[in-house]
Amino acid sequence: MTTSTSLKPPAPVPPVDPAPRRRSMEGAAGKAFRWAATGAGALILVVLAAVALFLILRAWPAMTTRASVLSDEISWFPDGKNLLQFVGPLVFGTLLSATIALVISMPVSIGISLFISHYAPRRLANSLGYVIDLLAAIPSVVYGLWGGLWLVPLLSPVWTWLSDTLGFIPLFSGPASDPPRVILTVGIVLAVMILPIITAVCREVFLQVPKLHEEAALALGATRWEMVRMSVLPFGRPGIISAAMLGLGRALGETMAVLMILSPGALYSFALLKVGQHQTIAANIALQFPEADPLGVSTLIATGLALFVITLAVNMAARAIVARRKDFSGAN
Amino acid sequence: MTTLSAGSAAGGGLDPSESTRVMLAGTDRRRRVTDRMMTGLVYVAFGLALVPLISVSWTVIANGIERLTPYFLTVSMRGVFGGMDSGGIYHAIIGTLLITGLAAIISVPIGLLTAIYIAEYGRGRLARAVTFFVDVMTGIPSIVAGLFAYALFAVVFGPGVRFGVVGAVALSVLMIPVVVRSCEEMLRLVPNELREAAYALGVPKYLTIIKVVLRTAIAGLGTGIMLAVARVIGETAPLLITVGVIDSINFNVFQGRMMTLPVYVYRQYSQGLVPCNDPAAICIPTINYDRAWAAALTLILIVMLLNLAGRLITRLFAPKALR
Chain C
1 MTTSTSLKPP APVPPVDPAP RRRSMEGAAG KAFRWAATGA GALILVVLAA VALFLILRAW
61 PAMTTRASVL SDEISWFPDG KNLLQFVGPL VFGTLLSATI ALVISMPVSI GISLFISHYA
121 PRRLANSLGY VIDLLAAIPS VVYGLWGGLW LVPLLSPVWT WLSDTLGFIP LFSGPASDPP
181 RVILTVGIVL AVMILPIITA VCREVFLQVP KLHEEAALAL GATRWEMVRM SVLPFGRPGI
241 ISAAMLGLGR ALGETMAVLM ILSPGALYSF ALLKVGQHQT IAANIALQFP EADPLGVSTL
301 IATGLALFVI TLAVNMAARA IVARRKDFSG AN
Chain A
1001 MTTLSAGSAA GGGLDPSEST RVMLAGTDRR RRVTDRMMTG LVYVAFGLAL VPLISVSWTV
1061 IANGIERLTP YFLTVSMRGV FGGMDSGGIY HAIIGTLLIT GLAAIISVPI GLLTAIYIAE
1121 YGRGRLARAV TFFVDVMTGI PSIVAGLFAY ALFAVVFGPG VRFGVVGAVA LSVLMIPVVV
1181 RSCEEMLRLV PNELREAAYA LGVPKYLTII KVVLRTAIAG LGTGIMLAVA RVIGETAPLL
1241 ITVGVIDSIN FNVFQGRMMT LPVYVYRQYS QGLVPCNDPA AICIPTINYD RAWAAALTLI
1301 LIVMLLNLAG RLITRLFAPK ALR
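Respectively, the protein sequence lines represent chains C and A. Once you know that position 267 of the first sequence is 267 in my numbering, the rest is easy, because the numbers rise by one and skip nothing. Just add 1000 to wherever you are in the second sequence, counting from 1, and you've got my numbering.
Looking at chain C on its own, in the form it has when it is part of the complex (with noise of 0.2 Å):
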């Protein structure tokens, strides 16, 4: 995956240090080289520079206008909110799915991550977690196709069955809607996508814990569970933390499965079982962008610069925890 690196310990610095006179011998075609390479890099952080740049040149019309001029001349656009209130609901339903996605995901990544490395015989952790990797191959789309065609048929009875027995708890207050395009079977979808990534991250970090810190614990007389209790798993905590976050940035971005499976609405809602109350803004921008006339276009970049700010705090934040970690790493 590509998130490993980020995990392990440097690599050793290549000796270069050419002398002087081997820099005097690089000559032109040598600098040239240097310097298309290190443009490359600087190229990265002028690309995301110029993301953040154009989407807040694009919105600026949308978020200069009046709330009245927006809800005339946009469709969809609800009457008597202004921007905020619009995108309000939006973010609220983008991170109660990715809330659900990752409560859903969590355990069982630490689960299969745990097994990888600690628990599945040496030989076929390789090749497990290549099936792993292998959900993460399988585009969003067919996630969609699948979860709106096959998923949504097969969870109704349990949804129904879900309602009937747990209804009291406000998050389960039924009747369950039928068919369920609900944002509860979108959580399900989500957590399946978002498996892959918080796997690989947990696998990496469990398998850096140092051997003598497990040795020390099953020398102690522990079983495999209290040394994965003692020490993979609190030596594993920022890495869990960090998968976690990326995980949830991932949920956040997710487009086409909430697109396919949700039926859209813009409330602030718990009900989990109902359709018509949650939408999530990448979803929203999908399902409007190809209709839109340029005010409406503006709005929906509008909401989509939101999501970027918000999955850049996320994955910002879950980076700096993986770099942080990094000069801990060596110290065993």
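If you're looking for bench data, these hints aren't it; they were derived computationally from the structure. Possibly wrong hints are sitting among the right ones.
[Stated by the list, open to error] Derived list of chain A stretches under chain C, where covered just means 3 residues or more per stretch with a C-beta under 8 Å from a C-beta of chain C:
| hint | stretch |
| --- | --- |
| 1 | 1044-1052 |
| 2 | 1136-1147 |
| 3 | 1153-1159 |
| 4 | 1290-1304 |
For each residue, glycine too, the CB sits at the ideal point set by N, CA and C.
Put chain A on the given structure of chain C with help from the hints.
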């Protein structure tokens, strides 16, 4: 708990008392049960992860195999309407290949050079910033990448801009960080002795990188690029908003909308069931879903083929030192 039992175990060795023995026996069973239970849960977790994998592959294959015929692969959707038993994905395959190919042409040089910068030249603040933001960039939502490409081209071509290159730029934003990450990893695997040997012979650094480092890592680089292509070839949302949909074949990435495979799957799915009112005409109510499944199967086959090819390249061409 363990400190306690370990302490008493040591004590028990010196002075075996009945109480210690009882305590050890008592806790042991509970601990053993917990251990067993957690082992079971870990196995269950792994089993749970296999359920979607198996069910996705099974449903896609079972529903898509029937319609995936040579005919389906070689015709477009031009003039197809209602429940007609015709139409195919030729135009979508063309679009996917052209746009993804273009995205690769943009991303590979930039990504490879950035990887070289990080692995070979990078030092100091800029290198740290680049490394960090490449990681952050992998987290950009695909739809935001699409919005960015749209916003970029809308500045030049005005609003409502939709053609292949816009989609390729959107895909590049998603692809570059993946290329950088995997290529950097491969460059770091090249043993330093090779670089040192080249320096010792008086080869300048840039030639060492081009002739020694890149050549040694070539198999890994190929794999990384393959995997990056596989990653973006299934992206739907950015293409939906930057390239749009069309029923006919369009070879020109600089003009007009194009169809791509993922968008085709979504489009067929969203059209839903066809109402068949005329019993005389040939009409298949589920035709749109059937086409969606078949196209999804094609897409998965392409992605898996790319993945497999990537892994095969490493297996076959990797220098012995790296195996």
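Which of the numbered hints above does this structure break?
-> none
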